[in-house]
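Asks: If you read the protein sequences in the order shown, they are chains D, A and Y. First residue of the first sequence: 4, per the numbering used here; consecutive thereafter. First residue of the second sequence: 4, per the numbering used here; consecutive thereafter. First residue of the third sequence: 4, per the numbering used here; consecutive thereafter.
Just to be clear, a hint being listed does not mean it is correct.
Put simply, identical chains are the same to the list, so a pair is met inside one copy or across any two.
With a cut-off of at most 20 Å between alpha-carbon atoms, the simulated SDA-like pairs for lysine to any residue come out as follows [stated by the list, open to error]:
| # | residue 1 | residue 2 |
| --- | --- | --- |
| 1 | Lys98 | Glu310 |
| 2 | Lys96 | Ser315 |
| 3 | Lys243 | Thr262 |
| 4 | Lys243 | Asn198 |
| 5 | Lys105 | Gln231 |
| 6 | Lys22 | Asp242 |
| 7 | Lys264 | Ser233 |
| 8 | Lys334 | Ile318 |
| 9 | Lys296 | Ser167 |
| 10 | Lys90 | Ile318 |
| 11 | Lys166 | Cys61 |
| 12 | Lys90 | Phe295 |
| 13 | Lys243 | Ala281 |
| 14 | Lys264 | Arg308 |
| 15 | Lys264 | Glu310 |
| 16 | Lys90 | Asp319 |
| 17 | Lys96 | Ile318 |
| 18 | Lys16 | Asp200 |
| 19 | Lys98 | Asp319 |
The hints are simulated quantities; they were obtained by calculation from the structure and are not laboratory data.
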Amino acid sequence: MFLRNAWYVAATKAEVADKLVARTIMNEPVVVFFNGRGEVCALEDRCCHRGAPLSLGCATETGIQCGYHGMMFERDGSCSHIPGQTKIPRNAKVKSYPVQQKGDYVWIWMGDPQAADAAGIADYPPDDPVAWPRANDMLHLRASYVMVLENLMDLSHLSYLHKSSIGSSESDSANASMDVSRTERGVKFLRVMRNADAPANWRKRYPTGQKVDRWSDFEYLAPSVIQQFSGGVNAGDYDKGVREGAHLVRTLHAITPETEKSCFYFFNKADGYARFEAPGTPRTWASTSDVFKEDAHMLEQQQLRLENFDASRLIDINTDVARVQMIRALKERIQKEQASKEERLSEPTIQQ
Amino acid sequence: MFLRNAWYVAATKAEVADKLVARTIMNEPVVVFFNGRGEVCALEDRCCHRGAPLSLGCATETGIQCGYHGMMFERDGSCSHIPGQTKIPRNAKVKSYPVQQKGDYVWIWMGDPQAADAAGIADYPPDDPVAWPRANDMLHLRASYVMVLENLMDLSHLSYLHKSSIGSSESDSANASMDVSRTERGVKFLRVMRNADAPANWRKRYPTGQKVDRWSDFEYLAPSVIQQFSGGVNAGDYDKGVREGAHLVRTLHAITPETEKSCFYFFNKADGYARFEAPGTPRTWASTSDVFKEDAHMLEQQQLRLENFDASRLIDINTDVARVQMIRALKERIQKEQASKEERLSEPTIQQ
Amino acid sequence: MFLRNAWYVAATKAEVADKLVARTIMNEPVVVFFNGRGEVCALEDRCCHRGAPLSLGCATETGIQCGYHGMMFERDGSCSHIPGQTKIPRNAKVKSYPVQQKGDYVWIWMGDPQAADAAGIADYPPDDPVAWPRANDMLHLRASYVMVLENLMDLSHLSYLHKSSIGSSESDSANASMDVSRTERGVKFLRVMRNADAPANWRKRYPTGQKVDRWSDFEYLAPSVIQQFSGGVNAGDYDKGVREGAHLVRTLHAITPETEKSCFYFFNKADGYARFEAPGTPRTWASTSDVFKEDAHMLEQQQLRLENFDASRLIDINTDVARVQMIRALKERIQKEQASKEERLSEPTIQQ
């Protein structure tokens, strides 16, 4: 079950600049592209003539032309040209999806177009490529998008799955303070480890084994975005409010369901160190993607273990507090959307 | 749903000369081979003892021997030898299929053997390897055989899918005359583009951009064969009946269903240019297979788009006129065959 | 349908010494490993927290730690540690399986743990690495474990599938004597070919084409083990009881179901030639694995032919005598186990 009335990342702008992007979203084939005017478009990737993928055609000034028999479609999905005939039948159309550009992404709305409001799209601060250089990547995972969200809402996994990269020790993790609260858009949590060891990947910054205060400020924006604000300072500085020289990271996690069992995991990391480094200092993003690949392998194996399995046999533990709230927030929205759909279906037809 | 009482290409003669050919046809495992006497045979590729594929055995003088426990079968599917015993049980047999050699192919009859009549097999003219040198190839497609037929019955796709090889311009295509008629065996159409640009692949013959008259004379022989007679002459010559120096091509398209969602697409192209060229002029067939591979990619993607999709949402357009007749001709035959099968099943048993 | 109250090979000791072995057995994900004390353990390979595979974690002194969020489990499947909390919920546990080391293997019991009796595990003689050097290998087959058993219980296949390696001629095979008897544990057979040609792989020992007496003494131990005692002597010596210089082989075949359609085929061959050779004579096992790969290809193709097929169309022949008894012995045990399970389910609850 998916929440349809919501914005999801359909593709990066860079992907769409490069080609007509064919992507299955919530089991629907979609083509995302720029038309000749530079407007972003998202249409059903299945021509209404013979079912050919429009993504094998080419963009036109105002829409797209099918590469099989040449029918043309506009941004709204209506057919504007059929080779060899002048009459366009009324049912000559494909589905069209509301679509928006924001940050490094093209966002798509899979539900009722009337309800689409671009104000609901997540902000991705900070948009400052000098002080906060950023990079993004995408993993196509054979795992439910919900599992990826769950992974992020329980950071205790860093001490195990990522122990040789970004994880703190088990005891530092067990001693973390954790504040969780529901918000209008989902769930927030603030997790702080005080006087902790710096993780392996911070060695360049803390080579002497100096103790640090380390925090993670996460906000889940239902249904499928998480904004991460993480940082580290010398031990003792966090509660004093000292942020001078802080090791800061801002990450946007946007997970788009492909099917019930697979998803596209887009992540986008801005690196606040750069404020304290000489301009032009070379940066490497490889370690970031490597960490996410540790998650990817675990998630795909977890997916296999949970198929054909009675999930009611699983248990929740203390570290699940934010994860459980996240699931609740997501389910409430899905149930509400389903109920409203059923209500509309059962409305009596007005007799005239 | 398949039409069973019909001839389908099972394999090329060259394949069968080379090995025991194992091929699934209409979901049935079949082995096609020459016995020691050079007779072509087609049997169920599943030994009646333990289900082993006979295609892993070897041909005998009169039939085949299973490579697992040595049972032997004759051309009619009867068992003639069981190692270690003299008695052959009555039910020791495998299914046998009527089979014929014609042209470059071995043809198989998947229906009632009593109804098989070799006269119904498509002729493939011309059998003249000097004036009409020919070549054949086969593509194993993850697409319904019906989609391949549909592809061929609507040539407007050449202007889009094959625009850089054999396609004419959209306007030449839109101006084509089209005559369609039902025949006893299926559907015929004649499509003529007058005073058109020569397609890219004709550059060798029309290097100066000279205008041409171009025609395609297609006959669909239900259920799964299309005979193509195509040609080109200097603009103006077609209606005058001038064929001197014509660019002529004869192609046999034979599409054999493997499953509902996959097929074997055999094609065989004879090249009439050769009549006007010095004997021994080198020819290349690569471009022909390249064109069919453009179709293959489109068809497999189309297949994916139409699975789990309500095909009644698709629309027909003007260029579909021959395709729609083809589908009608095929469906009529299938419905007739099904009705006759049900009739036979409901015939009362005569009481004696 | 599987027989659950029985020992199956889960893995070789060498595999488990090397890593945490993740293996699906009878559709259940299992992790087999040594804990820090060197005790062998088998647990459900799915953490009770979020379903992560425990096989991606690491062994502890007494059990295993999940690599996702750090929960620890003991050999009996109970949870002994949850990071960040002291209370362990009662339902925090994973399934544990009885497990034993014997011969070169770790054996697992997939049924009622109370019923597990290590005395039932097959002996694998001889454990004498000097006179009887041995080697083992495993094939992961996309074929039912039953088919592998059936393959072994009808040795007439050697003359066809293995004719260029270990097969005798068809006539030698047809003349073989065959004694079959049911045993408490399953079925035994003794198959003797007298005055037969030596097979191709015996050329090193019988280079002059000398005739041999060749025998195969097989015992099926239901549900999934076959012990093979094979040998050859100069023609005429078998009935005289002469075994001096005999070509002897002892093979253990243990086939473990992964799913209904796939299995792990473990085989272990001890070579008695070595008794008559100078110590240190180099041996090659490649030919043994090559022979089993001939079986593997046939079995996987046979599996495909029998899916969606009415197996009642298959027939039994004379050489099936031991195979048929084997199937009967296996089915009886499965039916008995099923009946006993239903009986337990229908026992009235005692009112107090």
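Asks: Could you work out which earlier hints the structure fails to respect and list their numbers in ascending sequence?
Replies: 3, 6, 7, 12, 13 and 18
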